[in-house]
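Student: What follows is the residue order along each chain.
Protein chains: 2
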Amino acid sequence: MHLGLFILGTGSHVAGWRHPGAMTSFQDFNQVQEIARIAERGRFDLIFMGDNLYADPGAHPSYTVRLEPMTMLAALAAGTSRIGLGATVSTTYNDPWSVARVFASLDHISKGRAAWNAVTTASGQGAGNFGTVHPDHASRYERAAEFVDVVKGLWDCWADDAIVADRATGTYIDTARLRALDHAGTFFKVKGPLNIGRCPQGQPVVLQAGGSAPGLALAARTADVVFSVVQDMDEAKAQYAALKKRLPAHDRSPEHVTVLPGVMPVVGRTPTEAREKLALLQSFVNGSNALQLLSDRLGQDMTGYDLDQPVPEIALPDTYHSFARVMLAKARRENMTLRDLYDLVAAARGHWVLCGSPEQVADTLQQWFDERAADGFNVMPPYFPEGFDDFVDLVVPILQERGLFRHDYEGETLRDHLGLPRPPSRFF
Amino acid sequence: MHLGLFILGTGSHVAGWRHPGAMTSFQDFNQVQEIARIAERGRFDLIFMGDNLYADPGAHPSYTVRLEPMTMLAALAAGTSRIGLGATVSTTYNDPWSVARVFASLDHISKGRAAWNAVTTASGQGAGNFGTVHPDHASRYERAAEFVDVVKGLWDCWADDAIVADRATGTYIDTARLRALDHAGTFFKVKGPLNIGRCPQGQPVVLQAGGSAPGLALAARTADVVFSVVQDMDEAKAQYAALKKRLPAHDRSPEHVTVLPGVMPVVGRTPTEAREKLALLQSFVNGSNALQLLSDRLGQDMTGYDLDQPVPEIALPDTYHSFARVMLAKARRENMTLRDLYDLVAAARGHWVLCGSPEQVADTLQQWFDERAADGFNVMPPYFPEGFDDFVDLVVPILQERGLFRHDYEGETLRDHLGLPRPPSRFF
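Residue numbers (full-length UniProt numbering), protein chains in the order written: chain A, 1 to 428; chain B, 1 to 428.
Hints may contain errors.
Pairs involving identical chains hold if they fit within one copy or between any two copies, as the list cannot separate such chains.
[Said to hold, decoys possible] Heads up, simulated DMTMM-like pairs for lysine to aspartate or glutamate below, C-alpha to C-alpha not over 25 Å straight-line:
no.	residue 1	residue 2
1	Lys-191	Asp-343
2	Lys-245	Glu-40
3	Lys-111	Glu-34
4	Lys-189	Asp-56
Hints in this document: simulated from the structure, not taken from any laboratory.
Isolated chain A, as found in the complex (with noise of 0.2 Å):
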């Protein structure tokens, strides 16, 4: 079982940081570097933070404050040893060039743990900091693909030997052992090489998030794990061998790619306590904001409709993102109130809610494990540290008991805790 801890902001719980046991900044390193710490503790495959590019005080106020992904993830690279270590930046909003070299650089300074979460950017709110308009869905999957292609083509250019530094004959670099890319497509002239040799991975790991049909099709072919949003056992079952499914189609085996449905934990050291802990944690929701963050997380505008009547039949484009899909299915089935709805945003953004004994956790996770719902877990705890304190000390040893979890790191590499091949290069 492979686990991931996924970091955003105070925690994955809108008001977690009112509880007593949580920090209040995200923009304290030395807060996140704790966090770090403890997933290391927990011999955690990586953690991975989510990014925004912009401030949304209204709808998410303790998530909009947060470090940049990449300068967070180089200092944790100082502070940590084994951890992997990945950040979402936008295939939307960068060119490929600087996020292949941002990326090599975290891998080296890491000494091979950098793992990218090759996002398209959803929300619009972005475009107005880069002067631009918001592209459609197809063009942002499609700039995806050939951006995610241009990265990996970019991190090829360099062979393993190239850099010979041999102080004898005063020759630094063998340059028959590099090559530029020269890309010329749809969106991208990319001449290269990168000024940066090639990684201690080969490739830093590559993660996507997309939920779907475009995100399906680009994390078979590109993708090393793939983050789900999925809210019981059947859906990610049918998810992940849809995913597994298709493969083989681009010469890829089922055991490379690593599938983590995101979870939130809420664990107590009885059933009673855990439920005492959401209990508590919901309370702290201020519903003040309910409509405008309903509307964030559905992309729609809510804010015309009554908390306390039925949620209301959306219809949404095939192409939508998985949190509002998913989150609106289970709602149907449900039969919930869009306060009911609006209580589990909050709750975890749209994501699973996993409560429980420190028994009852591991079982479940235990099951969706055996019968291929997963290949492990996303863990995005309610709010840092105690709400992962939580799960590090009290699951994590049953599921190391079980055989089902690593009691400690054996290789040095994010690719070596997941146990994934390090790539050659399609050049050298």
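The hints should help you fit chain B onto chain A, whose structure is shown.
Tutor: Structure of chain B alone, referenced to chain A:
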């Protein structure tokens, strides 16, 4: 006196990496960290990293391979405690929202030690990596001026007290204490605000190195620290006076801009040992790519010339960058051949080489400082770590004994080290 350490690849001497005491890889973070710790032991104000947006293994192999500056500095922030951390990030091939954000993040991570060297990219070689055409000098500087204004504006969008995080009331952000920027100019439309709160330094320190007329104008208006390229003291005094004279017109105090000429020190325990060190370094230079390197540094195709003929008359446009102008002026003064000029460029890429015993080096630095040719120096060791240890262990103690340089850090932030006030937000 203020001291910056300039880091460029394996050292500023083109073949310094061949020295037996030299590190040979600038993508090995452990070696970079060792350099930073030597600088902190020497109580330097800051380390400062150059950058390029392309690989050029032909013209300057040992400078081509490098870590990306922001990830490198962020990792160094975690491994150092006091020294300032500066990086070159181009205004030609980036967007202001991202640059404002990444330096704000570094300032938070380092607790107030970030500095941005806001350059226009002189070489057109990077354009091919961004699928674009390199803009001309004038529009690069117009863009740079607007870029710096937007970045500083973004840094001002959050009041110091905007993040409340009041557990009792549930108020996380006081939305009256931040605002959009709503910039709409010639080159950029940027809405803002950033998704990160106000920096420990208020604004990260801004460095500039432009030596052309538009570069000087930009520096006078916006820079806190200016790196200059000089070859003799009279030239340095004239540049220093010209810059300081411009400041009152921008309502700026001459004390609030620190001028640091670049110098490559070659220090021996005796004058003879120093000369022998420089001769040894020069013996490593392999002239096979001499005309290529000269072409790169002069920005002119020099490959048709004879190395053993006098430096030809070259008419540089007024806007041309200062390396070329300073080097050609020196070559004319001293009747150099192209080979002589190449030796100079190979030694320190056009910067001033100061070779001597510790006392001689300290005497010269003091003379420049006393005669107002400099507020300090941008130290460019020929190789690392030995070529820098020499300066820190032999020269710095003399400067300290003479009362010219600090014995220990007195403040916490880079602004403290430089004696610069923390700027208030223009909005709050």
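Student: Give a verdict on every hint.
Tutor: To see whether the hints hold, each was checked on the structure:
1. Taking the closest pair of Cα atoms, Lys-191 and Asp-343 never come within 25 Å of each other, the shortest separation being 49 Å inside a single copy and 31 Å across copies.
2. Taking the shortest alpha-carbon separations for Lys-245 and Glu-40, neither the intra-copy value of 32 Å nor the inter-copy value of 55 Å comes in at or below 25 Å.
3. Taking the closest pair of Cα atoms, Lys-111 and Glu-34 come within 25 Å of each other both inside a single copy (21 Å) and across two copies (16 Å).
4. With identical chains, the CA atoms of Lys-189 and Asp-56 are at most 25 Å apart between copies only, with a shortest distance of 18 Å across copies and 33 Å within one.
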